[in-house]
Structures are given as structure tokens and as C-alpha cells.
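2 protein chains.
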Amino acid sequence: MRIAIVGGTGKEGGGLAVRWGRAGHTVILGSRDGERARARAGELSAAGHGAFEGADNPAAAAGADVIVLTVPYAAHAETLRAIKDGVAGKVLIDVTVPLRPPKVSRVQLPAGRAAALEAQELVGPGTPVVAALHHVSSSHLADPSHPVLCDVLVATDDARARATALALVKDLGLRGLDAGPLDNAVALESLTPVLIHLNKTYKSQSAGVVFTNLRD
Amino acid sequence: MRIAIVGGTGKEGGGLAVRWGRAGHTVILGSRDGERARARAGELSAAGHGAFEGADNPAAAAGADVIVLTVPYAAHAETLRAIKDGVAGKVLIDVTVPLRPPKVSRVQLPAGRAAALEAQELVGPGTPVVAALHHVSSSHLADPSHPVLCDVLVATDDARARATALALVKDLGLRGLDAGPLDNAVALESLTPVLIHLNKTYKSQSAGVVFTNLRD
Chain A
1 MRIAIVGGTG KEGGGLAVRW GRAGHTVILG SRDGERARAR AGELSAAGHG
51 AFEGADNPAA AAGADVIVLT VPYAAHAETL RAIKDGVAGK VLIDVTVPLR
101 PPKVSRVQLP AGRAAALEAQ ELVGPGTPVV AALHHVSSSH LADPSHPVLC
151 DVLVATDDAR ARATALALVK DLGLRGLDAG PLDNAVALES LTPVLIHLNK
201 TYKSQSAGVV FTNLRD
Chain B
1 MRIAIVGGTG KEGGGLAVRW GRAGHTVILG SRDGERARAR AGELSAAGHG
51 AFEGADNPAA AAGADVIVLT VPYAAHAETL RAIKDGVAGK VLIDVTVPLR
101 PPKVSRVQLP AGRAAALEAQ ELVGPGTPVV AALHHVSSSH LADPSHPVLC
151 DVLVATDDAR ARATALALVK DLGLRGLDAG PLDNAVALES LTPVLIHLNK
201 TYKSQSAGVV FTNLRD
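So the protein sequences, as listed, match chains A and B.
Using the working numbering, the first residue of the first sequence is number 1, and each one after it goes up by one.
Using the working numbering, the first residue of the second sequence is number 1, and each one after it goes up by one.
If you're looking for bench data, these hints aren't it; they were derived computationally from the structure.
Quick caveat: nothing in here was measured; it's all calculated off a predicted structure.
Computed from the model, here is a short list of chain A residues facing chain B with C-beta under 8 Å:
1) 106
2) 149
3) 179
4) 181
5) 191
6) 193
7) 194
8) 204
9) 208
10) 210
List time: in silico EDC-like cross-link candidates among lysine to aspartate or glutamate, alpha-carbon distance up to 16 Å:
11) 90/B / 121/B
12) 90/A / 121/A
13) 90/B / 65/B
14) 103/A / 157/B
15) 103/B / 157/A
16) 11/B / 143/B
Estimated spans, in silico, between C-beta atoms of each pair:
17) 146/A / 175/B: 19 to 27 Å
18) 205/B / 108/A: 31 to 39 Å
19) 175/B / 160/A: 35 to 43 Å
20) 125/B / 65/A: 46 to 54 Å
21) 103/A / 101/B: 28 to 36 Å
Every residue, glycine too, gets a C-beta built ideally from N, C-alpha and C.
Hey, can you work out the whole structure from these sequences and the hints?
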């Protein structure tokens, strides 16, 4: 599958790129700066992690089957407007957490309750949005040998998009869980400030979350 | 310590009562129907779980050091108004999740963003509110021999209330974690519809949540 990671030169995007590349997907790194994305793609290819391409964000989205959005919340709406034509009718996985610095360990709900709900508004009903991957430590993702002790909650209103996202989570070596409708993105996104608080309080850098007592 | 469980004749309250009673606390079960609360307290005492009393909700709150609120969201504001005088200046632990039936596996934020934030508004700044204990399976709590695979996130703006709540969580046999300011009650409360969805989807009755990669 061709996966675009919009914001793919950032920390979180880089870890996802390494794992999906190694799983056999073609990963298109997107950046506002296409040159920077191509350079980073060249590095990942040279490191033997798989097949990578680089492009500016709109071209990365246009060339992919699935688009994964990992940008700071401050750039969220602007980036969505830039890639809107390229994502039309495809699956959009939104990893954005609506953090508002400096209080990043405090839940501060955005106007639309969740970044993923705002994304759905922006791209329209023809493009299913999935909220996922907010809780996985980027440093653990970037090290392919590191086990990641973290489940991945997947929230969406679209069955096909859910199946696609759950399969891609499995390809990361993680357990994906159906977390319900896209409205539940509120829960997923607001858990990240809590994880940041746990990291500060308990001197960790990679607090994760695992769900217990599930039969599956 | 004297702990009032307001809504203590319900399922969640009953499990908490058993564990705290066995840990040596005096538990005052509160109910709108004081007679019913006294009958239930008599049953728990007779079963050898410890020292229990029963009272109507205002009297239960007035006679306790710490008040734990476990009522359906529909009764939340009304109950808080009834116990307001009795909780003044004490620690109020709010377990309420703002579920709106029938869609209980979907996040539906209340007007005040979180039930615990609404509680803080109602009781005023002199009474610290703690959000906690939303995710623990009541059936596992009620069976003292059952290990509970679930961490307890504790969110509050008050250091003394936080310490009190964390100590009481430990007395339940569970690990309590400082989850940050009371604003983070949004994350704690909205995770419950997700757990309900996981229960439905994965045919469980007691999905829980554990945090990983913490040093403590």
C-alpha cells in the first residue's frame, strides 16, 4: 500500500515511516518543504528500512492510498486545506492531538471538541477520517527492535476505514482496538495530555496504555 | 477514615464499599432512601466485610471525612445540591461519568466539559473535587479475591485531596496514578464510553486500562 505521512519529517511521523517501510509498504514522506522530505526519504532508504519517497504535503497526499496526518495542532487546519484535494475519497488517519503549549499536560478541548472531528468537517463526508495512534511513543516506534507496550485505539464512523487502519496498526507490530465512532476521538486525543503528565510525574519518556480483560 | 459513598447502594458503590470496609475504613452508604442504605449496610456488616453504616445522602456526607459520589449522571447535579452542606471543606471524589443513554459507548460531553468540573462549580472552591475510579469493573471490586487489572487515574487541582485519593485507591488494592489537574477529568470520563465500546466489541464485561513504561 502507498502510505503518505503528512508531517512525515517530524518525530512521530519518522517512527511510523520506519515501521511501515520495513513491513513492505511504500511510504511517501510529506513536508511543507518537499526538498527536506526527499532528503529524509533518501536517508531512510539508504538505512535499509524499505521504499521511501518524499514530496510536499499536497503531492504526498495525492500520490497515496492512505494519508496519515501527524502535524502540530497549530498547523492542522492549514495542512488539511492544503491536502484536501489529494485525500478526497481516501482514508485519512489523523494522529493530531490538540495540545496548546505551554500547558501540554492539561486537556484543552478545541472548538470542534476533537482535532479529528474538525478534520472530518474540513474534508467533508466523502473522505472517512480515522482517529488513531495518539499514544505510541515515537522513540520506541523509530527503533524497530524495541517492543512497544501500547495498544492503539482506532475511532471512526466508517467500516472500511476502520479495517484499513487496524491492518496498518498490525503492520506496525501493535495491537489495534476498535474504539467506536469518531466522536470518541475526544477520549483518544485527551488521553495524550494525561500521558504527558504521567511522563513528567513518574520520570518516564514513553508512558503508554494497554487495555486489559479483553477476550480478543 | 470515615468514607461516605453517595449512591452507595448502586453496583459501583457496593464494590468500593466492600474493599474499603475490608481495609479498615468505616463506610457510610448513602442513598436517597436512607432505609435502603441502612439495610444494605447491615448486609455488608453481617457478611463480615467490616464496619458499615447507612443514611440518606445528606446525612452520609455530613458524617464522613471523604465523600465518594457514584450516581448516574442524570442525578448528578441534584445529588450535589442535596449534599453540598455536608461536603463543605472536605474531599469530594467524583466517580460520575456523563453517559447519556442509550448511546453509552459514544463520548457525549456535558455542558461543563466534565461531570467533575461541573461538581467543582456546584460545591465551590473551598471543597476540592477529585475525579477518579471511572474505569474499575464493579464486579471485580465486589469480589475481594479478584485481582483488578486496572490502574486508577486521579485528577484534581488540590494536593491534599490528591494524596487522600491516592491513599484510598491503594487501600482498594489498586495502583493510583496522578493524572494531573481537574481539567483532565475530561480524559478520564470520556475513556469510559470507549471501555464500554471495547466490552461490546470484544465480548468482555470488564475491560480495564493499565499504563505502561512508568518507572513508578
